[in-house]
Amino acid sequence: MGCRCFCTCGSRGRQIVAETLRIRGETAGSEGPMSSDKVASVGTASVATCHCGTVRIHVRQLPRTLTRCNCSICRRYGATWAYYKPSSVKIDAPRGALSKYSWNRRVRDYHRCARCGCVTHYTYRGKQRNSTLGVNAANFEPSALAGARIRHLDGAASWKFLD
Amino acid sequence: MLIVGKCHCGNISFSLTWEPEPVYIPARACTCSFCRKHGGVWTSNPRGALRILERNPAIVSRYAFGTKNASFHTCAQCGIVPVVTSLIDGKLYAVANVNTFEGVDPLLIRRESTDFDGESEEARLARWKRNWISNVEHIDGTFDR
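Residue numbers (the working numbering), protein chains in the order written: chain A, 19 to 181; chain B, 24 to 168.
In short, the hints are calculated from the structure, not lab data.
Even for Gly, the Cβ is constructed at its ideal location relative to N, Cα and C.
Check each hint, because a few of them may be wrong.
[Said to hold, decoys possible] Chain B residues, not near chain A, derived (Cβ > 12 Å throughout):
no.	residue
1	L25
2	G28
3	Y47
4	G62
5	G63
6	S84
7	T90
8	A99
9	Q100
10	L131
11	T137
12	N158
[As the list claims (entries may be wrong)] So, partial list: chain A residues that the calculated Cβ filter (under 10 Å) puts toward chain B:
no.	residue
13	S90
14	S105
15	S176
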């Protein structure tokens, strides 16, 4: 059985990312609500890693714009999101290493490391599944995000940016 | 002041009695690798009283790392960490995550960054005993469901 999350680890277990990484360099597209995000090219892949190191998310370009949201789930996770096209992100996790959570209309799955609990990313479900993938930028090294702009989304009420 | 909080799915909830009435609630965004990745912003009041209810303790994970003195109560269903506890000299101490508060005026919460890098284990435990909530009751909700 393949991995239950919307990642590429499938039934192959942990990927050897250095060998298999095929990053197309896309940024968040026009489909998602966060299409205005811009990214800065860093030349080499950057990695967001959970605390215990089990889950590693590889992106080609570090985000220049991050989003903090005050909705009931984002504020509790304390997450800072960087938006990508799913095809531009590689998720490196052993089989069974990710847990996920969704609720209510189950629009998104929030994925986290099953061991240390760090929230690593979210994916959309159903027809929107190829639109946007949110990487929790808290898992990048802080120095990698120096200078990134943080925007504040009022996900709790108006679903508009407050700044 | 009575503050209530919970994880997203409600499996872990708490009530924090804050006395005397707070002028503000100090909230520490710890810069350690775990708290940074978890987005944890913690508060405590040594004169407060905390009641932690775990409706189904079977789906609460207690992650510990480093010196393993602190136990991060993580809901295994929704992944939220509402409280951290530490058993020091046989007594339970705790801090609560302000991100999980319900209905508290954000203006009441004063956030600050803290960096305890390099602090010895002994000094850390002494600080926790001094600053963390010392009146902590942990309730297993298994039989109340």
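Structure-based check of all given hints:
1. For L25 (chain B), the non-interface assignment is confirmed: its Cβ lies about 20 Å from the closest Cβ of chain A, beyond the 12 Å cut-off.
2. Distance check for G28 (chain B) against chain A: the nearest CB is about 9 Å away, which does not clear 12 Å, and the non-interface claim fails.
3. Even its closest Cβ contact with chain A, about 19 Å, leaves Y47 (chain B) beyond 12 Å, as expected for a residue assigned away from the interface.
4. A cut-off of 12 Å between C-beta atoms contradicts the statement that G62 (chain B) is not in contact with chain A; the least separation is 2 Å.
5. Not every beta carbon of chain A lies more than 12 Å from that of G63 (chain B), the smallest distance being close to 6 Å; the non-interface claim is violated.
6. Against chain A, the non-interface label of S84 (chain B) is violated: not every CB pair exceeds 12 Å, the least being about 7 Å.
7. Taking the minimum C-beta to C-beta distance to chain A, about 15 Å, the non-interface status of T90 (chain B) holds against the 12 Å cut.
8. The non-interface label for A99 (chain B) is inconsistent with chain A: the shortest C-beta to C-beta separation is roughly 7 Å, within 12 Å.
9. Non-interface call for Q100 (chain B) relative to chain A: violated, since the shortest CB-CB distance, roughly 7 Å, does not exceed 12 Å.
10. Non-interface status of L131 (chain B) relative to chain A is upheld: no Cβ of that chain comes within 12 Å, the nearest being about 15 Å off.
11. Every C-beta of chain A lies more than 12 Å from that of T137 (chain B), the closest at about 15 Å, which supports listing it as non-interface.
12. For N158 (chain B), the condition that its CB be more than 12 Å from all CB atoms of chain A holds, with the nearest at approximately 24 Å.
13. Interface restraint check for S90 (chain A): the shortest CB-CB distance to chain B comes to about 6 Å, inside 10 Å, so the restraint holds.
14. Using the Cβ-Cβ criterion of 10 Å, the hint placing S105 (chain A) at the interface with chain B is not satisfied: the shortest such distance is roughly 25 Å.
15. Given hint, S176 (chain A) at the interface with chain B, is violated; its Cβ is 16 Å from that chain's nearest Cβ, farther than 10 Å.
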